[in-house]
Amino acid sequence: MQEKVLADLTNLEIYGPKLSRPYADTVKGSRHNNMKELRIQYSGRPVRTFFAFDPKRQAIVLCAGDKSNDKRFYDTMIRIADEEFTAHLAAMEEKK
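Following my numbering, the numbering of the sequence shown begins with -1 at its first residue and continues without gaps.
Note that these hints are calculated values from the structure, not bench results. Check before you lean on any hint, since a few could be wrong.
What the hints assert, rightly or not - Once the Cα atoms are required to be at most 16 Å apart in a straight line, the calculated EDC-like pairs of lysine to aspartate or glutamate come out as:
1. Lys94 <-> Asp52
2. Lys54 <-> Glu91
3. Lys16 <-> Asp52
4. Lys2 <-> Asp52
5. Lys2 <-> Asp64
6. Lys16 <-> Asp6
7. Lys54 <-> Asp6
8. Lys93 <-> Asp64
9. Lys26 <-> Glu92
10. Lys26 <-> Glu91
Stated by the list, open to error - Pairwise CB distance ranges, derived in the manner of DEER restraints:
11. Asp64 <-> His86: 36 to 46 Å
12. Gly42 <-> Thr74: 19 to 29 Å
13. Gln56 <-> Asp23: 16 to 26 Å
14. Ala5 <-> Glu91: 16 to 26 Å
15. Gln39 <-> Glu92: 32 to 42 Å
16. Met90 <-> Ile12: 36 to 46 Å
17. Phe71 <-> Arg19: 14 to 24 Å
18. Gln56 <-> Lys26: 17 to 27 Å
19. Lys69 <-> Glu92: 20 to 30 Å
20. Gln56 <-> Val3: 10 to 20 Å
21. Lys93 <-> Gly42: 36 to 46 Å
22. Gly42 <-> Ala85: 14 to 24 Å
23. Ala88 <-> Gly42: 16 to 26 Å
By construction, the Cβ of each residue, glycine as well, lies at the ideal position given by its N, Cα and C atoms.
Turn these sequences into a full structure, and let the hints guide you.
Spelled out as structure tokens, the structure:
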């Protein structure tokens, strides 16, 4: 699985914000309108890696998980991703 995730992260590095479906998609329900997910299939299992682009246009990978058989997957992961990205943005502000 690590190799598949690394390959998709490499695509994110190469294509940046232009990476679209079927590799990436916008996440609905986030506090951040630029929250996205990498859409990875591994051995038939849907793995999602949440990320957002910060003001410097750097992709910040926030959290990931296997959404198989988890009805609350997006509720849980979006909350975690929102908290992580909010903390990242606050840390950027402190460095100014």
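Now for the hints, and whether the structure bears them out:
no. : hint                        : verdict
1   : Lys94 <-> Asp52             : 14 Å, holds
2   : Lys54 <-> Glu91             : 12 Å, holds
3   : Lys16 <-> Asp52             : 15 Å, holds
4   : Lys2 <-> Asp52              : 24 Å, violated
5   : Lys2 <-> Asp64              : 13 Å, holds
6   : Lys16 <-> Asp6              : 13 Å, holds
7   : Lys54 <-> Asp6              : 21 Å, violated
8   : Lys93 <-> Asp64             : 34 Å, violated
9   : Lys26 <-> Glu92             : 28 Å, violated
10  : Lys26 <-> Glu91             : 25 Å, violated
11  : Asp64 <-> His86: 36 to 46 Å : 24 Å, violated
12  : Gly42 <-> Thr74: 19 to 29 Å : 22 Å, holds
13  : Gln56 <-> Asp23: 16 to 26 Å : 20 Å, holds
14  : Ala5 <-> Glu91: 16 to 26 Å  : 33 Å, violated
15  : Gln39 <-> Glu92: 32 to 42 Å : 38 Å, holds
16  : Met90 <-> Ile12: 36 to 46 Å : 24 Å, violated
17  : Phe71 <-> Arg19: 14 to 24 Å : 19 Å, holds
18  : Gln56 <-> Lys26: 17 to 27 Å : 23 Å, holds
19  : Lys69 <-> Glu92: 20 to 30 Å : 37 Å, violated
20  : Gln56 <-> Val3: 10 to 20 Å  : 18 Å, holds
21  : Lys93 <-> Gly42: 36 to 46 Å : 43 Å, holds
22  : Gly42 <-> Ala85: 14 to 24 Å : 34 Å, violated
23  : Ala88 <-> Gly42: 16 to 26 Å : 38 Å, violated
Consistency note: the structure conflicts with the earlier hints numbered 4, 7, 8, 9, 10, 11, 14, 16, 19, 22 and 23.
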